[in-house]
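Counting in this note's numbering, the sequence shown runs from 480 upward without gaps.
Take the hints with a grain of salt, since some may be wrong.
[Said to hold, decoys possible] In silico DMTMM-like cross-links for lysine to aspartate or glutamate, where the CA-CA straight-line distance does not exceed 20 Å:
#	residue 1	residue 2
1	K621	E533
2	K616	D557
3	K586	E533
4	K547	D557
5	K535	E619
6	K536	E619
7	K563	D596
8	K599	D557
9	K547	D596
[Claimed, not checked] Pair ranges (Cβ atoms, derived):
#	residue 1	residue 2	range
10	P556	S598	14 to 20 Å
11	G597	N626	27 to 33 Å
12	T566	G539	31 to 37 Å
13	K536	T566	30 to 36 Å
14	G548	K586	16 to 22 Å
If you're looking for bench data, these hints aren't it; they were derived computationally from the structure. Glycine residues also receive a C-beta, built at the ideal position from the N, C-alpha and C atoms.
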Amino acid sequence: MRNRWLAPAGLAAAALVVAACGSSSSSGGSGGGSGNAAAPATSGAAAATTTSLESKKVGGATLLTNSKGFTLYWFVPDTATQSKCNTACAHYWPPVKGPASAMSGVKGTLTVITRSDGSKQAVWNGHPLYTYVGDTKPGEAKGNGLNLSGGVWHDIVLSGAAAPAPKKSSSSGGGGGYGY
Numbered sequence: 480m481r482n483r484w485l486a487p488a489g490l491a492a493a494a495l496v497v498a499a500c501g502s503s504s505s506s507g508g509s510g511g512g513s514g515n516a517a518a519p520a521t522s523g524a525a526a527a528t529t530t531s532l533e534s535k536k537v538g539g540a541t542l543l544t545n546s547k548g549f550t551l552y553w554f555v556p557d558t559a560t561q562s563k564c565n566t567a568c569a570h571y572w573p574p575v576k577g578p579a580s581a582m583s584g585v586k587g588t589l590t591v592i593t594r595s596d597g598s599k600q601a602v603w604n605g606h607p608l609y610t611y612v613g614d615t616k617p618g619e620a621k622g623n624g625l626n627l628s629g630g631v632w633h634d635i636v637l638s639g640a641a642a643p644a645p646k647k648s649s650s651s652g653g654g655g656g657y658g659y
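Please work from the sequences and hints to get the whole structure.
Written out as structure tokens, the structure is:
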């Protein structure tokens, strides 16, 4: 009897996580588990190379992006030597594979950490880097300011003003305020 009660609660929690992540597009999820759903697929040879970090204008700011133009994020609970986003969290916030190299316009210290699963993750200025599955095309920053997976997520602003955190309901066009 207890299992019947727990299963719907677990499904409801999973549904809330998916809804909160704003996954409105088809992920084509065949369960490959590469953890890089936000970026187009790359060949095995390309995946083994160094990740390139670039700068891209998004809204009124220049943000840190990967070579495909997808916004990169940092997670408040992380430390310079440890990612706190693992398992289910890493499905929605895929870690950027390390090592990384900075292209023109990107200044900062690049390092690498070893994640709990043994994989390498790129770190910029003490922040382990992630993409967000809710960003479905280059130049989006839908993950900025979200409080998910046990902490707040921020895009990495290289210059300019950061975009305000998204409101809980993005369907309304009015309001003109800053949300909270």
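Structure-based check of each hint:
With a C-alpha separation of about 18 Å, the suggested pairing of K621 with E533 holds against the 20 Å cut-off. Only pairs whose Cα atoms come within 20 Å are accepted, and K616 paired with D557 is rejected, the gap being roughly 26 Å. Taken as a hint, the K586 and E533 pair is honoured in the structure, with Cα atoms around 10 Å apart against an allowance of 20 Å. A hinted pair counts as satisfied when its Cα atoms are at most 20 Å apart, and K547 with D557 does not qualify at roughly 24 Å.
Distance hint between K535 and E619 is fulfilled; the C-alpha atoms sit about 10 Å from each other, no more than 20 Å. About 10 Å separates the Cα atoms of K536 and E619, which keeps this hinted pair within 20 Å; it holds. Restraint check: the Cα-Cα separation between K563 and D596 comes to about 12 Å, which is no more than 20 Å; the hinted pair holds. Of the pairs offered as hints, the one joining K599 and D557 holds, with about 15 Å between alpha carbons and a cut-off of 20 Å not exceeded.
Between K547 and D596 the alpha-carbon distance is near 25 Å, which puts this suggested pair outside the 20 Å criterion. The supplied range of 14 to 20 Å is met by P556 and S598, whose beta-carbon atoms lie about 19 Å from each other. Taken as a hint, the range 27 to 33 Å holds for the pair G597 and N626, whose Cβ atoms sit roughly 29 Å apart. At roughly 35 Å, the beta carbons of T566 and G539 sit within the given window of 31 to 37 Å.
Between K536 and T566 the beta carbons are some 34 Å apart, a value that agrees with the proposed interval 30 to 36 Å. Look at G548 against K586: about 19 Å separates their beta carbons, and that is inside 16 to 22 Å.
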